[in-house]
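*Asks:* These protein sequence lines map, in sequence, to chains P and Y. Under our numbering, read the first sequence as residues 1 to 244, first letter to last. Under our numbering, read the second sequence as residues 245 to 499, first letter to last.
Careful, some of the hints might be misleading.
Said to hold, decoys possible - Okay, the calculated bits of chain P under chain Y, using three or more residues with CB under 8 angstroms as the criterion: (1) 80-88; (2) 122-136; (3) 180-189; (4) 214-227.
Stated by the list, open to error - Straight-line Cα separation of at most 35 angstroms, DSBU-like style, residue types lysine-lysine; simulated pairs: (5) P:K105 - Y:K358; (6) P:K103 - Y:K394; (7) Y:K253 - Y:K394; (8) Y:K253 - Y:K296; (9) Y:K493 - P:K99; (10) P:K10 - Y:K448; (11) P:K10 - Y:K339.
Derived from the structure by calculation, the hints contain no laboratory data. Even glycine gets a Cβ: it sits at the ideal position worked out from N, Cα and C.
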Amino acid sequence: MQQAEKETAKPGPLASVLSIFNTTIGQKIITGLTGLGLVGFLVGHLAGNLTLFAGSEAFNSYAHKLESLGFILYAVELGLLAVFVFHIVFAISVTSHNKSARKSKYVDSRSAGKPSRKSISSQTMIYTGIILGLFTIIHVWMFKFGPGMAAGYHTDLHGLPARDLYRLVVEKFKNPWIMGSYSAVMLLLGVHVRHGFWSAFQSLGAYHPRYTPLIYTLGILIAVLFAIGFLALPVYIFFAPLTA
Amino acid sequence: MSKMNLTLKIWRQASANAPGAMETYPLADVSEHMSFLEMLDVLNEKLIKEGKEPVEFDYDCREGICGTCGLVINGVAHGPRKLTATCQLHMREFKNGDTITIEPWRANAFPVIKDLVVDRTAFDRIVAKGGYVSVNTGSARDANETPIGKEDADKAFDAATCISCGACVAACPNASASLFVSAKVSQYTYLPQGHPERERRVLKMVSQMDDEGFGNCSNHGECEAVCPKGISIQNIAIMRREYVKAALKTGSAIV
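Next comes chain P alone, as it looks inside the complex (with noise of 0.2 angstroms):
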């Protein structure tokens, strides 16, 4: 039997270190990892967002602050495509498998209640991620790839030529349809992480009878201020008299 073992031929070192990131575990390492990225990234957002309360200058200088970063800005927002990537390539995966692991459906099927975490969180988790991922894209290209200074998106910093991001975001938000549809979608955001925050951390290991309820409480939190916190913004926008 060990002579047997020995015998089949090896990986080479690439597809053995990758192995480790192709098994059930492995995979939903790597979603947890990206996700608790996502979250990271999600939190620096939303204070960045939240300047818009404090009126156009202070939003734009942020904008400007932003992307005077330069190649330190390309650089993170290489690495934040890449943890997209990679959370939304392994969910996929990680769902088709599941899903086709039971053939034959049950004709009656419940929770049984405590202390299970089920929930329409926990079992929507694709369909929640599908929406924001293609809200994503179109969230990027309506603001960071939409009308910039040539296209008349100009404003004065303390003298410096910037882009007027401020009105640009106020004209969207001022559409019903739009604001509606971020606001809406900011929901399934707060569902999302709802369940993916504390998952996360179970799918790392990190499970201690003291701090998993802290962390499962914490997500929650989390769920809620990420959908309050992103929506608060269209909505003010869309009710508040700012002229653009």
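Given chain P, put chain Y in place with the hints provided.
*Replies:* Coordinates of chain Y only, in the frame set by chain P:
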């Protein structure tokens, strides 16, 4: 002693490859003191007298300790009572006039053999990959030769109470065997006897679990809620930690 009249909706499937369907059976005068399996015995005697094929279901000890029985009752593995295997579920949990649906464990890795009986040898193959410790045979060793702390002994024992019934797989929305495999892995991680084979155990068992076609763990936690022994999903986290440590140390998931 109150008697109940019940309507049973039971999954009937002639063989592994035959198509199955739910069949309805009325059953009168069921005693509340009967166990769920005794109720099925009464149904089967009635079916035999009527010249019909009795309903096939698995059981052995009927004491809740062997892990042989297992039915999905009204959509919940092992039925409505917590920390209870199907054989220890009693009819007093139901009331007169109830309709009860009875289905087998459903997972690709647990193919139906007949009616409510499924093939769980996938579990045996996973255990054969590392759910053991290798010790030399010979005269019995002194029980206190290797001192083990009370806390560690308790944790190992909690994991070792798994009776391999498969309810975790049946209840999991993804038909994942993570709770079972994690219990078999973590019962040895706390004990010095388990340490020599620590890395290869977790890597081989996880690899076999994947090969059997069980799904991933999405952390729904439904398994813990139906487990007749109350095995915690903490064990799944322990298995994941063990896996990461072993895989990084080996530089591969393949041993």
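*Asks:* Mind checking the alpha carbons of K253 of chain Y and K296 of chain Y for me, to see if they're no more than 35 angstroms apart?
*Replies:* holds, 16 angstroms
*Asks:* What's the verdict on K493 of chain Y and K99 of chain P, does the C-alpha distance respect the 35 angstroms limit or exceed it?
*Replies:* holds, 32 angstroms
*Asks:* Can the stretch 180-189 of chain P be counted as covered by chain Y under the rule of three residues or more with Cβ-Cβ separation shorter than 8 angstroms?
*Replies:* violated (count 0)
*Asks:* Are there three or more residues in the stretch 122-136 of chain P whose C-beta lies closer than 8 angstroms to some C-beta of chain Y?
*Replies:* Since 3 is at least three, the answer is holds.
*Asks:* Would you mind confirming whether the straight-line C-alpha gap from K105 of chain P to K358 of chain Y stays at or under 35 angstroms?
*Replies:* Cα-Cα ~16 angstroms, so holds.
*Asks:* Check the hint pairing K10 of chain P with K448 of chain Y against an upper bound of 35 angstroms on the C-alpha distance.
*Replies:* holds, 15 angstroms
*Asks:* Can the stretch 80-88 of chain P be counted as covered by chain Y under the rule of three residues or more with Cβ-Cβ separation shorter than 8 angstroms?
*Replies:* The restraint on the stretch 80-88 of chain P is violated, since only 0 of its residues have a Cβ under 8 angstroms from chain Y and three are required.
*Asks:* Would you check the hint for K10 of chain P and K339 of chain Y, treating anything up to 35 angstroms between C-alpha atoms as holding?
*Replies:* violated, 61 angstroms
*Asks:* Compare the distance between the alpha carbons of K253 of chain Y and K394 of chain Y with 35 angstroms, and conclude whether the hinted pair is satisfied.
*Replies:* The hint is violated at about 47 angstroms.
*Asks:* Given the hint that K103 of chain P pairs with K394 of chain Y, does the C-alpha gap stay at or below 35 angstroms?
*Replies:* Violated - the C-alpha atoms of K394 of chain Y and K103 of chain P are around 44 angstroms apart, more than 35 angstroms.
*Asks:* Checking C-beta pairs, does the stretch 214-227 of chain P have three or more residues closer than 8 angstroms to chain Y?
*Replies:* Check failed, 0 qualifying residues.
Against the hints set out earlier in the document, violations occur for numbers 1, 3, 4, 6, 7 and 11.
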